[in-house]
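2 protein chains.
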Amino acid sequence: MNYQTLLSDRTAQMGASAIREILKVVAQPGMVSLAGGIPSPQSFPLDLIQKLCVTVIEKYGAAALQYGPTEGFSPLRQVLAKHLGTLGMKAEPKDVLVSSGSQGVLDALGKVLISKGDQIAVETPTYLGALQAFDPYQPCYVSVETDDDGIIPEALERKLKTGRIKFVYLVPTFQNPTGRSLSIERRHETAAIIKKYEALLVEDDPYSTLRYHGQQLPTLKSLAPDNVVYIGTFSKIFAPGLRVGFCLAPTAIGHWLTIVKQGVDLHTSTLSQALAAEYLAGGYLEKHLPSIINLYRPRQAAMLSALENHFANDFHFSRPQGGMFIWVEGPPGFDAKKAYQKAIQQKVAFVPGCYFYADPGAGLNTMRLNFSMNDPATIEKAVTTLADVVMF
Amino acid sequence: MNYQTLLSDRTAQMGASAIREILKVVAQPGMVSLAGGIPSPQSFPLDLIQKLCVTVIEKYGAAALQYGPTEGFSPLRQVLAKHLGTLGMKAEPKDVLVSSGSQGVLDALGKVLISKGDQIAVETPTYLGALQAFDPYQPCYVSVETDDDGIIPEALERKLKTGRIKFVYLVPTFQNPTGRSLSIERRHETAAIIKKYEALLVEDDPYSTLRYHGQQLPTLKSLAPDNVVYIGTFSKIFAPGLRVGFCLAPTAIGHWLTIVKQGVDLHTSTLSQALAAEYLAGGYLEKHLPSIINLYRPRQAAMLSALENHFANDFHFSRPQGGMFIWVEGPPGFDAKKAYQKAIQQKVAFVPGCYFYADPGAGLNTMRLNFSMNDPATIEKAVTTLADVVMF
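Just so you know, the sequences run in chain order P and U. Residues in the first sequence are numbered consecutively from 1, following this note's numbering. Residues in the second sequence are numbered consecutively from 1, following this note's numbering.
One thing to keep in mind: the hints can contain errors.
The list treats identical chains as one, so a pair stands whether inside a single copy or across any two.
What the hints assert, rightly or not - No farther apart than 20 angstroms at their CA atoms in a straight line, the calculated lysine to any residue pairs in the SDA-like style are these:
(1) Lys159 to Glu198
(2) Lys161 to Val142
(3) Lys94 to Tyr3
(4) Lys59 to Pro41
(5) Lys337 to Pro225
(6) Lys196 to Tyr3
(7) Lys161 to Thr5
(8) Lys59 to Leu48
(9) Lys196 to Met1
(10) Lys161 to Tyr3
(11) Lys59 to Asp47
(12) Lys116 to Asp135
(13) Lys338 to Ile22
(14) Lys116 to Arg10
(15) Lys116 to Ala12
(16) Lys94 to Leu23
(17) Lys338 to Ala192
(18) Lys159 to Gly85
(19) Lys24 to Thr258
(20) Lys59 to Gln42
(21) Lys51 to Ala63
(22) Lys24 to Leu128
(23) Lys24 to Pro93
Honestly, the hints are just simulated from the structure, not real lab data.
Using the sequences plus the hints, can you model the full thing?
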C-alpha cells in the first residue's frame, strides 16, 4: 500500500525534529548531557505523590477516575484560581482551563487561532515546542529581535504596526532556550504596546517559580489581562509525567480552547488533576519548592562559574536568576554544529542553538546548555571539556 | 478587544455540541439519564488502582513521573503487543502507540491525513467524538449505508470505487450510538474490499471486550493488517479518567502519528500508562473484567425486555450482545427531538439520534439509549416512562 499519498498537505511539510535525533545520541552510555530540557528526577516528591495517590482516591473516590469536564477538574480549577491570585493575576475558577501539559494549550491555541499563512510574532530564538505545536496549522513566523533583557519593545511595535500579527508568543521569564528574562521596564512597555495595538499575546511561563536569586517579576497577564493568554504547568514544580498544565485566557478565547480540546483528548487525566489539586491545596508546593531550588541553585552556579573560568572572552553567555538553561554565543564564525560533533566525541552533549530559530541560518554560533540534570562537579567537568572543544 | 477577528477559518466553522447541552440538562437533580455514554463508576476497581499507584511508584520510581517517549511507556507497549496478540492481531511493541484516550488517535489521524475537503467515509449514524476530532481539519463526510448487521459492504465498495475516499472510519463492534456489530461475513467482505481498493480503514474498538453473550468476532485489523489502523482504549475496562488509549497502525502512518502527537501533548501521562501496564501485566484485567460484565449484563437485559414489553411494534430496536447502547428507530414521522422535550419533563433523558449523523436532517426518528449508568429496576421504570412519552 502507498501510505505516502494519504498524507495531508500539512503533514507533507513536517520534518523529523533534529533535537529528537540529538536526544537519541545523548542516551548513549557514558555521555554527559547538557542537551536535555527536563527536570531532575531528584526534584520529584516521590513519597508525597505515593501518599497523595492514596489520599485522592479516598477523598474523591470514583470521581478521580471517571470522565470529567473538558475545562478541568473543579477542585483543581478552584485552587489554581487562588494560586494565580497570589502571582498577581485576577482569576475566577471558571476562567482557568486545565490542559495536558502546557503543550496542550499551545496546540489548542494553534487550532483556534491560526489560519494557513497567518503571522505569529516570536522571539529570536524561541521555544521549539511552541513551533512544533503551531507548525501543523501552517503559520508564517515573524521574528522579533531580542537582547539580554528579552524582547525589544520597539522591535515588537514595528511588527504590530503592520496590523498583520495574529498573536505574539513569548516565554518572558528564564526563557527556553536562552534563560533570559524580560526586564521589569520592558514588561511595562510590552504591556502598553499590546494594549495600544489591541494585540493578543501568549505568555508561556513554565520556569518563573524556579527562581534562585532576585525578585519575582510581574507577569504580562497581570499588566494587560485582556490581551494575554497566560500558560502555566506543574511539570517543573511537581512532576512532568503527570502532564498537567493550565491557562488563564480571555473568556471568548477560552470558550474555543475548550471546544477544540474536547476533540483532541476529551479532558486531561483526572487522576493527574486530582494529584495536582491536592499538591496545591494541601500547601505541599510551598513545602517542597525550596528543595527543588536548593537542588538547582548550585548546579547553575557551577555552570556559570565554569563558563566564566574556562571559556574565552569572545564567548558571551546569559546569567539568568533561575530556570534550567544558559545560552552561549560564540564569536562570529564559530560553528556550534561542528562543535557539537566534536563534543560528543568527548562524551559531552549540548544542543546547537540554531534549532531554536524560526529563521533557517540564524544562530549558527549559539549553544543551549542545560544545568538541571547533573550535579555541580559533573557540570564543572563537562563545561571544561566543552571549553577545550570550542576553542581547540 | 475584538477576539472574534482572531479566530482561524476552521474555528469559525465549529459549533457548540448539542450533546454537551443535553448533558447539562441531564445533570439536573432527579433526572434519570439514559443519555450518557460513560461507564458506571461501580465498574472501576478503586481499591486495586489505589494499590497499583503504590506499586508503580515503588517499581518504576521517578520514571513513572518523568517525561517519557511520545510513542508511549515502554512496559505498556510491550504488554499491549502481547494483549493485541491474544485478540488475533500481530503486534510488535514498536508498532503499538499509546495515546491520550482513543480520542488522541482520532485527532492525530485527522491531522496527519485530512487536507481540507478530503472525503472520509463513515457509517450512518456514526460516533460523534470522531466527527469532533476530524472536523477542525475540514473534511467532507461520505455516509455509507448500514443496517442491523453494520455497514453494507456493497455500499462501501460503491464509495471506494470513486477513488476519492481518504479513509474509512468504523466502530465495527457494539457501535456507539447503535450498539450494532458488523457480522462475521461482512467483516470478511469488508476486509476483502479495502484490500482490493488499497484503502485505509480506521477501526475504533472501545467496546468489544464488553461482551455479554455470543462469540468474539475477529477484528478488521486481523483480517487486513496493512490496511487498518486499530484503536483501543482502557476507558471501558479500567478507568476512563486515566485517559489511556492506544493504536496499532502501519509503520508509515505511526511515524507521522508520533510526530504530530509530540506537538499536541508531548506524551500521555506516564503515571496513567504505568497503571495500565501493571493492570494488564499483573493479570488484573482477566480478574476484574467478569465483574464489569456481570454489572452490565442485567442492565442491558432489563432495557431490552422493557423495550420489548412497553414499546409499540412500529418501534424497532437493536439487540446487541454487548457494549453500552441500544438504538431505537421510531416509525416514519416520529420526532425524537420532540419526544426528548417531553421526556425531560418526566425526568427521563436520552439523546435524539439525529445528532449522530454527519448529514443534517437524517435520523430524526431515532434515539440512543444508554444502559451502563442505571440499575435494572431504574432502567425498567425509565423505559416505561419513555414508552408513554413516545406513543402518547
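Hints, verified against the model:
1. Lys159 to Glu198: within (13 angstroms within a copy, 49 angstroms between copies)
2. Lys161 to Val142: within (13 angstroms within a copy, 45 angstroms between copies)
3. Lys94 to Tyr3: between (44 angstroms within a copy, 18 angstroms between copies)
4. Lys59 to Pro41: between (27 angstroms within a copy, 15 angstroms between copies)
5. Lys337 to Pro225: neither (41 angstroms within a copy, 42 angstroms between copies)
6. Lys196 to Tyr3: Only across copies: lysine 196 and tyrosine 3 sit 15 angstroms apart there, 49 angstroms inside one copy, limit 20 angstroms.
7. Lys161 to Thr5: Classified as between; 17 angstroms across copies, 41 angstroms inside a copy.
8. Lys59 to Leu48: Answer is both: 16 angstroms inside a copy and 16 angstroms across each meet the 20 angstroms cutoff.
9. Lys196 to Met1: Between copies, since 11 angstroms is at most 20 angstroms while 55 angstroms is not.
10. Lys161 to Tyr3: Answer is between; shortest inter-copy Cα gap is 18 angstroms, intra-copy 44 angstroms.
11. Lys59 to Asp47: both (18 angstroms within a copy, 13 angstroms between copies)
12. Lys116 to Asp135: Both. Shortest intra-copy (10 angstroms) and inter-copy (16 angstroms) distances satisfy the 20 angstroms Cα cut-off.
13. Lys338 to Ile22: Answer is within; shortest intra-copy Cα gap is 13 angstroms, inter-copy 60 angstroms.
14. Lys116 to Arg10: both (10 angstroms within a copy, 10 angstroms between copies)
15. Lys116 to Ala12: Both, since 14 angstroms and 14 angstroms are each at most 20 angstroms.
16. Lys94 to Leu23: Between copies, since 18 angstroms is at most 20 angstroms while 39 angstroms is not.
17. Lys338 to Ala192: neither (42 angstroms within a copy, 53 angstroms between copies)
18. Lys159 to Gly85: Classified as neither; 32 angstroms inside a copy, 56 angstroms across copies.
19. Lys24 to Thr258: Classified as between; 15 angstroms across copies, 35 angstroms inside a copy.
20. Lys59 to Gln42: Between. Shortest inter-copy distance 16 angstroms satisfies the 20 angstroms Cα cut-off; intra-copy 28 angstroms does not.
21. Lys51 to Ala63: both (18 angstroms within a copy, 17 angstroms between copies)
22. Lys24 to Leu128: within (17 angstroms within a copy, 39 angstroms between copies)
23. Lys24 to Pro93: So lysine 24 and proline 93 pass the 20 angstroms test across copies only (18 angstroms; inside, 41 angstroms).
Taken one by one, the earlier hints fail for this structure at numbers 5, 17 and 18, listed in ascending order.
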